[in-house]
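Enquirer: Each chain, written out:
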Amino acid sequence: MELQKINVKFFATDPNNPPLTDFIDLFHGWIQATDGVYHDVADYSHMQAGPGIVLVANDANVSIDETDNRRGLLYSQKSPLSGSNPEKIRTVLRSALKNCRRLEEEPSLHNKLKFSGSEALISINDRLAAPNTDEAFEEIKPEIESVAQTLFGDADITLERDPDPRQRLNVRIKTSRSLGLGELVRNLQND
Amino acid sequence: MKLRKQGKIDEKVFAETRLRRGIYGQRYDNGQRHDGKRVQKLKLPAEVIKGPDTLWDAPGMMRIKIPFGGVTPEQLETLADLSEEYADGVAHITTRQDVQFHFVHIDDTPSLMRRLAAVGITSREACGNVVRNVTACPLAGICRDEAFDTTPYAKACSKFMMGHPDTQDFGRKFKIAFSGCQQHPCGLVTMHDMGAIAKTKIVDGKEKRGFEFYVGGGLGSVPYKAKLFDEFLPEEEFLPMAQAISRVFARLGEKRNRARARIKFLIANLGIDEFRRLVLEERQKLSPDPRWTAHLATVNEQMEEALKAGVSLNGSERPEGFEAWYATNVYKQRQPGYVAATVTLPLGDASAEQLRALADIARRFVKDTLRTTVEQNILFRWLSEADLPEFYRAIRAIGLGAADAATIVDVTACPGTDTCKLGIASSRGLARELRYRLSEKSLELDQAVKNLRIKVSGCFNSCGQHHVADIGFYGINRNVKGFQVPHFQVILGGKFRDNAGEYGVAVGAVPSKRVPEAVLSITEYYVRRRLRDESFQDFVRRIGKKEIKDLLEDLTKIPAHEVGPSYYTDWGDPREFTLTDMGTGECAGEVVSQAEFALAASERELFEAQLLLDGGRPQDAVKTAYASMLRAAQGLVKTQNPGISEDEQQILAEFTSRFYDTQLFWDKYAGGKFAEYLFKAKEFIGAAKSADADRAVQLLQEAQLFIDAAHDCHNKVRGAVESPVKITTAAQPSA
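Chains as they are written, first to last, in this note's numbering: chain A, 78 to 268; chain B, 8 to 742.
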C-alpha cells in the first residue's frame, strides 16, 4: 500500500489556552512572513470540536484542530510525497513538529501553548487507498511502528487503531514517558 | 481535465464545463493575495488555468445539489468523509439547501463526484447557466398549513430539468422553488426565477391539485418580485410549462450582457402578458413527454415513514435547557404525536464528526427523513415527540443544541470574503460576531426582537438573501480619510414570511465594526417605539427612513486610523482593509477630493429621493435618484476634468468616454452593469414614462448600486488622478 495524504496531530496539554481566536492573527503573521506558501486562514472558531483555525496551503494545511474536543496541531499533507512509506511518515512528522515548535516559541502566546510529547495521531486521509480495516492496519503497522520507535527513542510505545470503520485509518501512538519537542525532533533527525 | 492540460479545450469552455459540474473558483484563484502589507504571489504551478484568470491548482469550491433539501444518513456520512479527505473538514449548508466544500483541489473532483454518485447525490448543474438546485419548503409533507406535499413535484422537476436539452442554452442561471402554502416563508417562491405554491380547487366535484405559478423573481443586486403567471396551473401542466418557459428563456433571454441575462429582465422587458403569450404558444409546440406526468401516479402516497410510533411528550424527564430549545426549534407536525426539530448549524457549518453523529442520531430516532433548510440548518422530521428529551441530549452532546432556530441569533450569511471571490466584506465574520453577541443577550431579548431575522451578504449579489430579512446587510467599501474601510449597507424591513413577501430598503451604510451597535440600536428603538403588536416591517414603514438614518448617524463615524486601527480591518481578519498605501493629512486639515464631495452629495440626493418615495411621490423620487447618479458621475469626471460643467449631456458624454468606454468604471465581475443603470435611468426620464412605486423602488436601488460603484471606481483611480482641495478645520495648527 502506497501511502499519501498523511495527517499528523500532536496534542496540546491545555485544551483551552490560549483562546482559539488568538491563532487567527498569528497565522496571518505567518502568511506575511512567508512568500506565497499559504493561501488563507479559515476560521471555524464558532464550531464545537471542529477544525478550529486552519492555515490553508497548497501542499499542506496547518491547523489548531479541536476534533474530539482535543486541541492539537494538525498537519495535513495534501500534495504527493516521494520515497518509501516510512520516509513519507517521517517527513510529515518532521513538518508537524517544526510547526509545533514554532508555536511553542511564538512570543505572542506567552508560553501558554505546550504540546504533549507522549502521544501522536497518524491518519491516512484517503479511504480509497487506505481503508480503516484490520488488513490495512496490519499492512502498515510495521512501517508506522518503526518510525514511531525512532520518534520516541527507547520509550515503550503502543499503537491503537480507531475501531470505528467509518473513520479514516487513524493510528494513535502512545508512549510510557513524555518527551520534549526538541528531543522528538532530534530523534527524527538522527535517524 | 486531461484535454485541458493538453491545451485542447478552450479555457472559457472548460470553465463553463467545470461550473456545470459544481466546481467553482474561489478567492485568490488568480494566484495573488494581499497579506495586509503587500500582494503575495501564491506558490502554485501556473502552467495551466481552469478558466480565465483561474489557476489550475488554486483552491476551489465544490457545490453539491441537495434537491428539496432531502438528505439521508448515508449521504451525511459520505459528505463527512469527503469533507475530510478533499476539503477542510467542514460541510457548509447554503441558503439554497445545497452543500458546499471549500479549498478543494480540482484534480480531486472526479473521485469526489464518483463517491457522491454512489450515494445518489450529484454536483451536476449546481453552478453555471443552468437550472440550479430545486428548493422546497423543508416542512413539505408534515406542514400543518400546506395544500399538499410538494416534495414529489420538486423531485420530479429537479430530475426532469437537469441535463434537459432545453435548459442547456441559458444566458444565466435559473432557480426554482416550491412552497406548500402561501403565508409561510419556507419556500421563498416570489424571489425565484420560477416558483410554485401548492393549491387545490374543486373541479367537477373533485379536488384537483395545481400550483399558483410565478415567474421572473430574483434577488441579485436589484431584487425583482416574481409575477403571477397562472393562478392555477394544473399539476400535469407543471413540467411542460417549465419546459416551455425554458425554451422561451433560451431563445429570447439576453446572452451577451450577463448583468441583464436573468429571466427577470426578459419578463420586465416583454411584460408578463406578452411573456405568457409566448410561453403558451411554445407549450403548444411541445411533443408529449411521458416524464411530464410519470411522477403523478405516486404523489398521493406517503413518501416518508416514521421510525417510531408518534407519542406525545407527556411527563418525561426534561434536561436542562430543553424548554427553551423546544420553544424555538420544535415544530408540531400535522401528524399527531410527531414533531420536526431544527438542528441549528452555526453559520451553516457542520464538521465531519458532527455529520456522522447526526447520521447516527437520525438512524436512532427518525430513519432518513432529514432536510437541509434555506436558513442553513438541518431539519429532523418524523420525531416521536416523546423522544425529544433524548434527541435533545444527543444533539447537545455534539455542540448543536442551541435554542435559536428562526430567531435573531440564527444569523444567515453567504461565504463572503472568507472564500468567495466576489465578496467585498466579511459576511461570515459579521454573522459570527452578531451570533456571539446576540446569544449572550438571548434570554433578555424582547420576544418581538427575538423573532426577527438577520441575513448578511458579502456583496450586493444577495447570496445571503439580505433583501428578505427584517435586518439585512450587504458588504461595500467606503473611503474614510484616505483609508478603505469595510462597511455594510443596512437593509431594513424585508419580509421572510409570505414566501419572501417584501424586499427591504437601504437606509445607509455603517462601518463593519459598528454593525453590532447598529443592530442593538435598531432593535432597542423598535422595542421602545413600536405600537402594540406592530410588525417590524410596519414599524420601519411608519417611522420612515429619515428617522432611522438619524438613529444610525452616530454609528457611521469611526475614530481616526491612528486612534482606532481595528475599525480599518474586517471581522476575523487582522489585515488592514485597504489595498493601497494611502497618505493621511499631516495636520488636522483633511485632504478631500472634489470627487468625494460629489459622491457625498450624491448620497444625500439619493436619500432625498427615498424620502420622496416614502411620501408617495414616485415620479419625483425617480428624478431625484437620477440626479444623484448624475452627481456621482460628475464627481468621477472631475478627477480627470476638474472644469466639467453642470450640463447633463456633457456629464453623460464625458462619463461615457472617460469611464465607461475605457472600462475604468467597470466592476471586475459585473462588467459595465452599474454604469448601465445610469444610462437606463436617463432613458427612462427622457421617455417621460410615469413611474409606479415598483419601478421607483427599483430605480432607487439601482442608483444606490451606481453610487456604490462610483465609490469603488474612485478608490481605484485615486492617487493616480485627483484634484484635492484642502478643508480647514478648527483644529488646524498654525503654520
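No lab work stands behind these hints, which were simulated from the structure alone.
Ideal Cβ positions, reconstructed from N, Cα and C, are used throughout, including at glycine.
Some hints could be false.
[As the list claims (entries may be wrong)] Here are the simulated DSBU-like cross-link-like pairs (lysine-lysine), alpha carbons at most 35 Å apart as the crow flies:
(1) B/LYS48 - A/LYS155
(2) A/LYS175 - B/LYS48
(3) B/LYS9 - B/LYS208
(4) A/LYS155 - B/LYS208
(5) A/LYS191 - B/LYS44
(6) A/LYS155 - B/LYS292
(7) A/LYS155 - B/LYS234
(8) B/LYS448 - A/LYS155
(9) B/LYS696 - A/LYS189
(10) B/LYS44 - A/LYS189
(11) A/LYS175 - B/LYS428
(12) B/LYS675 - B/LYS488
(13) B/LYS696 - A/LYS155
(14) A/LYS191 - B/LYS696
(15) B/LYS675 - A/LYS155
(16) A/LYS189 - B/LYS448
(17) B/LYS48 - A/LYS191
(18) B/LYS50 - A/LYS189
(19) A/LYS155 - B/LYS488
(20) B/LYS232 - B/LYS206
(21) B/LYS520 - B/LYS234
(22) B/LYS675 - A/LYS191
[Claimed, not checked] Partial list, computed: chain B residues near chain A (C-beta under 7 Å):
(23) ASN37
(24) LEU49
(25) LYS50
(26) ALA53
(27) PRO66
(28) GLU92
(29) PHE110
(30) ALA301
(31) LEU354
(32) ARG439
(33) PHE614
(34) GLU615
[Unchecked claim] Listed next, with one range per pair, are the computed distances between beta-carbon atoms:
(35) A/SER185 - B/GLN190: 25 to 35 Å
(36) B/ARG400 - A/GLU212: 50 to 60 Å
(37) A/PRO208 - B/LYS687: 58 to 68 Å
Enquirer: Would you mind marking each hint as holding or not holding in the structure?
Expert: Going through the hints against the structure:
{"no.": "1", "hint": "B/LYS48 - A/LYS155", "in the structure": "holds, 20 Å"}
{"no.": "2", "hint": "A/LYS175 - B/LYS48", "in the structure": "holds, 24 Å"}
{"no.": "3", "hint": "B/LYS9 - B/LYS208", "in the structure": "violated, 55 Å"}
{"no.": "4", "hint": "A/LYS155 - B/LYS208", "in the structure": "violated, 58 Å"}
{"no.": "5", "hint": "A/LYS191 - B/LYS44", "in the structure": "holds, 30 Å"}
{"no.": "6", "hint": "A/LYS155 - B/LYS292", "in the structure": "violated, 53 Å"}
{"no.": "7", "hint": "A/LYS155 - B/LYS234", "in the structure": "violated, 49 Å"}
{"no.": "8", "hint": "B/LYS448 - A/LYS155", "in the structure": "violated, 42 Å"}
{"no.": "9", "hint": "B/LYS696 - A/LYS189", "in the structure": "violated, 69 Å"}
{"no.": "10", "hint": "B/LYS44 - A/LYS189", "in the structure": "holds, 28 Å"}
{"no.": "11", "hint": "A/LYS175 - B/LYS428", "in the structure": "holds, 32 Å"}
{"no.": "12", "hint": "B/LYS675 - B/LYS488", "in the structure": "holds, 25 Å"}
{"no.": "13", "hint": "B/LYS696 - A/LYS155", "in the structure": "violated, 60 Å"}
{"no.": "14", "hint": "A/LYS191 - B/LYS696", "in the structure": "violated, 72 Å"}
{"no.": "15", "hint": "B/LYS675 - A/LYS155", "in the structure": "holds, 32 Å"}
{"no.": "16", "hint": "A/LYS189 - B/LYS448", "in the structure": "holds, 31 Å"}
{"no.": "17", "hint": "B/LYS48 - A/LYS191", "in the structure": "holds, 33 Å"}
{"no.": "18", "hint": "B/LYS50 - A/LYS189", "in the structure": "holds, 32 Å"}
{"no.": "19", "hint": "A/LYS155 - B/LYS488", "in the structure": "violated, 44 Å"}
{"no.": "20", "hint": "B/LYS232 - B/LYS206", "in the structure": "holds, 20 Å"}
{"no.": "21", "hint": "B/LYS520 - B/LYS234", "in the structure": "violated, 38 Å"}
{"no.": "22", "hint": "B/LYS675 - A/LYS191", "in the structure": "violated, 46 Å"}
{"no.": "23", "hint": "ASN37", "in the structure": "violated, 12 Å"}
{"no.": "24", "hint": "LEU49", "in the structure": "holds, 5 Å"}
{"no.": "25", "hint": "LYS50", "in the structure": "holds, 4 Å"}
{"no.": "26", "hint": "ALA53", "in the structure": "violated, 11 Å"}
{"no.": "27", "hint": "PRO66", "in the structure": "holds, 6 Å"}
{"no.": "28", "hint": "GLU92", "in the structure": "holds, 5 Å"}
{"no.": "29", "hint": "PHE110", "in the structure": "holds, 5 Å"}
{"no.": "30", "hint": "ALA301", "in the structure": "violated, 36 Å"}
{"no.": "31", "hint": "LEU354", "in the structure": "holds, 6 Å"}
{"no.": "32", "hint": "ARG439", "in the structure": "holds, 5 Å"}
{"no.": "33", "hint": "PHE614", "in the structure": "violated, 35 Å"}
{"no.": "34", "hint": "GLU615", "in the structure": "violated, 41 Å"}
{"no.": "35", "hint": "A/SER185 - B/GLN190: 25 to 35 Å", "in the structure": "violated, 54 Å"}
{"no.": "36", "hint": "B/ARG400 - A/GLU212: 50 to 60 Å", "in the structure": "violated, 37 Å"}
{"no.": "37", "hint": "A/PRO208 - B/LYS687: 58 to 68 Å", "in the structure": "holds, 59 Å"}
The structure is inconsistent with the numbered hints 3, 4, 6, 7, 8, 9, 13, 14, 19, 21, 22, 23, 26, 30, 33, 34, 35, 36, although it conforms to all the rest.
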